[in-house]
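**Student:** Given next are the chains, with one letter for each unit.
2 protein chains.
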Amino acid sequence: MQTRKTALAALALLSPILAGGAKRPNIIFFLVDDYGWPESSVAYGEEVYPRNRQFHTPNMERLAEKGVILTQAYACPVSTPTRTSLMSGMNAVHSHITNWTSMAKDEPSDAVGGKNGAAVYEELDTDVFRRPEWNINGLCPEGFAAPADVQVATPVVRLLRDAGYYTIHVGKAHWASAGTPGSSPYNWGFLVNIAGTNAGLPKSYLGTDNFGNKPELWNMAAVQNMTEYYGDDIFLTEALTREALKTLDYPVAHRQPFYLYMAHYATHTPVQKDKRFFSEYKEMGLDNGEARFSSMVAGVDKSLGDLMDYLEERGIADDTVIIFMADNGGNADVKSKGGVPHTQCAPLREGKGSCYQGGIRVPMMVYIPGKTAPGTRINTPVVPEDLFPTLLELGGVKAYQTTQPIDGQSIVPLVTRGSQYVAKAARRGEITSQKEANRFEVPASVSGIDPDRPLFFHYPHQWKVEYRQEVDFLSTVIAGDWKLVYVMMNTVPGQHVADGVPFELYNLREDIGEKHNRAADRPDKVAELARLLGARLRAWNASMPVVRATGKPVPYPDELPLQ
Amino acid sequence: MQTRKTALAALALLSPILAGGAKRPNIIFFLVDDYGWPESSVAYGEEVYPRNRQFHTPNMERLAEKGVILTQAYACPVSTPTRTSLMSGMNAVHSHITNWTSMAKDEPSDAVGGKNGAAVYEELDTDVFRRPEWNINGLCPEGFAAPADVQVATPVVRLLRDAGYYTIHVGKAHWASAGTPGSSPYNWGFLVNIAGTNAGLPKSYLGTDNFGNKPELWNMAAVQNMTEYYGDDIFLTEALTREALKTLDYPVAHRQPFYLYMAHYATHTPVQKDKRFFSEYKEMGLDNGEARFSSMVAGVDKSLGDLMDYLEERGIADDTVIIFMADNGGNADVKSKGGVPHTQCAPLREGKGSCYQGGIRVPMMVYIPGKTAPGTRINTPVVPEDLFPTLLELGGVKAYQTTQPIDGQSIVPLVTRGSQYVAKAARRGEITSQKEANRFEVPASVSGIDPDRPLFFHYPHQWKVEYRQEVDFLSTVIAGDWKLVYVMMNTVPGQHVADGVPFELYNLREDIGEKHNRAADRPDKVAELARLLGARLRAWNASMPVVRATGKPVPYPDELPLQ
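Protein chains in written order, with this note's numbering: chain P, 1235 to 1797; chain W, 1235 to 1797.
Just so you know, these hints were derived from the structure itself, not from any lab. Each hint should be verified, as a subset may be incorrect.
Any copy, or any two copies together, can satisfy a pair, since identical chains are not distinguished.
[What the hints assert, rightly or not] Only pairs whose alpha carbons sit at most 30 angstroms apart, straight line, appear in this in silico DSSO-like list of lysine-lysine: (1) 1569 to 1698; (2) 1448 to 1300; (3) 1509 to 1669; (4) 1509 to 1605; (5) 1632 to 1605; (6) 1516 to 1786; (7) 1480 to 1509; (8) 1658 to 1786; (9) 1507 to 1448; (10) 1569 to 1448; (11) 1300 to 1759.
All chains, please: the whole structure from these sequences, using the hints.
**Tutor:** Listed below in structure tokens is the structure:
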């Protein structure tokens, strides 16, 4: 009886593969935390910027040579919204998860300065806005009792698992606060969880600190499942990589396709020294903070290389998709990272937390064996919610239902047919420089994605204790070359900052650093984009900050006087 | 290519099942912590003792009715030695893991009283003995770099996994200290790990305490992987059960045989109130401590019932073996448990930590669908190292190699053929009472196990800060009805305790409570058993306490003057 049942079971496992004849590649999603667009030796821009020259990331270069660089990949300004978008396929504005989730339940992270993630918003308020209503506890997987302030979603990982994938979580989770089902990777469809919790950062990267599991260090960010390395002279990035490699052995031995979500805590704060790589950066003349941060980047790069080596050694490199991405822009507002504050994402403006490009434009590469043209660049913008349908297409999952609407589009045609299209153009001599490669457009007829489709980013929050106009209470739409920034603070009488007007307009092609506000020249474009942004925010019932003085929310941008 | 590979993969998964045509049942190993032989309404003894009447464990009764009660199951006096024996098949004396492992590396647990598992042995020494040399960091899985003071073993769980089992760890691990590979269940062959670490107890059982994950509570015993329940009014036993049930869904849906190691932290200290069950025990007239402890037992009982319900609901109860056991005797030396100290295991003498029966005789039941005769009792003694070959036989794993010697014997014939033998005898009217059932002997010719095979327990340690002759520095051999207790303290001139002689002799059949020392009547038996114990200790190079005054180890018992 048992034998027959088990045989049937194995056939059941086979059936989805045999039925459609679909290929089910392994998939590694390699997600880096707080990692800026120019913070690698892979130059995503039209040129190699000075910031690129501060890093040596040979394994990222190796991936770039094998796969496709997505020069205009976007993420949300902070971690949780990107991660919940990846998991749900919903835009973060739509899911009302526009800020990071606190470690503890029911504690809004808006302008948090307390210990252990305790919210101290009321005390530290700007006095201008109350925090908006948003889903402060994050995302909840379908099938669980969702607490208040939580969006429910059918998880992409569960769909992959149910299609036969061996699903592995290693690293940072951060979809939801503790005390909610979303805080456990197991509830999202992962079969294995190493180190994924409610925390959005590690208390320490150092094995000698037990990764924070010491009485004098502990808070909820102490990394779990790492007892094996306590006291060892090892950096968390390395330890997580070793755990991932060990875990891969099982599905590889059983030839079960795997989905590895390798979500490094690095390069999030605390900025700590990865001793293996620190001295080479000091020798380059970097300051201690810069060298510390660069050493963390180098550790991530080695991790990527170790995974690629593993795939080659096991003979499965040609069966394994690699997606490389960062969850938001680089942190440009932390002293421990060294350098000149607010320049870390240069030539992009600002960094993490901001709707300026430094906060949302992120590194991304995709390698699909035999499908992506090696060493190509794709300039069509991509957003986190695209990854949901992308992963399912890669996994051959065609018929599925979700409780949530899917706002993204699969980028599989973009990176496969699109990159082949680019490669052909290059062979025809139409692309002869990095600059030309970064300006080459793949038409929607080839990629399935309109290169000018509007992208929406919305941060109706105050990120840190001190208000900063470059980061806080901004909303934006990008459509083609144009970008509108809605400065919500400037809608409040007497609170005007910056140019004192609520709209800034930039031409990103001409002005990658968003230095030249074109709003005065092009009121028509301002009006067009304000209407586009307003309509979408309204359609998604977007959360807006509430003006303390009036008790009214900030108006949607198309409610302001426009041309 | 991929399709073909994956098809081959699935066939590879099938092959061990198809090849031998062997049945591979699911296996649940349900291990309870610090849970005494009489602490349930299942009466393992010849009669129902008063202590049995203090508990109501209907699901344990349900399992007893379905399966076999092992009335003479033994474990080591403390946790780690039993757990490492289960994992390795080695007797704890043989592996030199005779005490529990500290949470931190390289800190002997002998007479520990410090915070966070910090050893304070030197200060708290008895002044008589130095601690023996033993493997203070516990057990290390084969294939990893073993630190000093660690025994290496091929893990039974890995062998099961490699044979096709989906291996799940839920609860307490405690095979090794942090900073060693043995502290991570993943390294033992578990595919899933929930809450297993270096810790041997939970910092708190309460969800409202975040299971210890609060700044004011935290130490390394704070339970990991439970973020989902932080702040909830839930007891750890219930939360772990829910996690186990969720995890079972995957192998059940895929009809992959599973091995669930459901190792509850309960009923270890801290003795906390499981509110669901507390009041019924208070109403029985128990004191608060007793009612708290009983409520923890009731929670474990419900967990067992929930698992059995799950199996029935999914239609796999007839495909699932259940092994129920405790890891050592009940704690009889903790105020928070209430009652009269040192009576908790009555009629057995003493409790956890001791080589008297209260420390080592434990509850055990086995159910093998269609194989074990329902409602029977087996009196042949069983020891933890027997479980290694037992699990492999149950899992149909025949050809395997281990780096370590296997000291145990499979009890599958004992509980299958043996229980059928008992059932037949009962049908013939040869067993008409519980007392008769507890005295009925299954011959080795039926069970494969000599009912008189000698059993060795050895605790060359001081358990707590204050020396107690009933617990510390004892060594023992049981052979048939006779038991020799070697009181090592009495080998040291001027340090005599108890009767002042190094040997005590008990007839367990006549004197379950070890009240009547027969050493003076039966010097022949003392000599016989001392030689047996000495020879085995010598063969295993057993660790002995070292006499401070002389710098010499305590002699093996056959080195003393004997008749």
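**Student:** All hints, please: hold or fail.
**Tutor:** Tested hints:
Only within a single protomer do residue 1569 and residue 1698 lie at most 30 angstroms apart by alpha-carbon distance; the minimum there is 14 angstroms, versus 49 angstroms between protomers. Taking the shortest Cα distances, residue 1448 and residue 1300 never come within 30 angstroms of each other, neither inside one copy (42 angstroms) nor across copies (46 angstroms). In this assembly of identical chains, the alpha carbons of residue 1509 and residue 1669 never lie at most 30 angstroms apart, being 36 angstroms within a copy and 68 angstroms across copies at closest. In this assembly of identical chains, the alpha carbons of residue 1509 and residue 1605 never lie at most 30 angstroms apart, being 38 angstroms within a copy and 59 angstroms across copies at closest.
Taking the shortest alpha-carbon separations for residue 1632 and residue 1605, only the intra-copy value of 19 angstroms comes in at or below 30 angstroms, while the best inter-copy value is 45 angstroms. Taking identical chains as interchangeable, the C-alpha atoms of residue 1516 and residue 1786 are never at most 30 angstroms apart, the minima being 52 angstroms within one chain and 55 angstroms between chains. Taking identical chains as interchangeable, the C-alpha atoms of residue 1480 and residue 1509 lie at most 30 angstroms apart only when both belong to the same chain, with a minimum of 23 angstroms there against 41 angstroms between chains. In this assembly of identical chains, the alpha carbons of residue 1658 and residue 1786 never lie at most 30 angstroms apart, being 55 angstroms within a copy and 83 angstroms across copies at closest.
Proximity of residue 1507 and residue 1448 under a CA criterion of 30 angstroms is satisfied in both settings, with 19 angstroms inside one chain copy and 28 angstroms between copies. In the homo-oligomer, the alpha carbons of residue 1569 and residue 1448 lie at most 30 angstroms apart both inside one protomer (25 angstroms) and across protomers (28 angstroms), since each shortest distance falls under that limit. When the C-alpha separation of residue 1300 and residue 1759 is checked against a cutoff of 30 angstroms, the pair qualifies neither within a copy, at 39 angstroms, nor between copies, at 77 angstroms.
Checked against the numbered hints listed earlier, the structure breaks hints 2, 3, 4, 6, 8 and 11; every other hint is satisfied.
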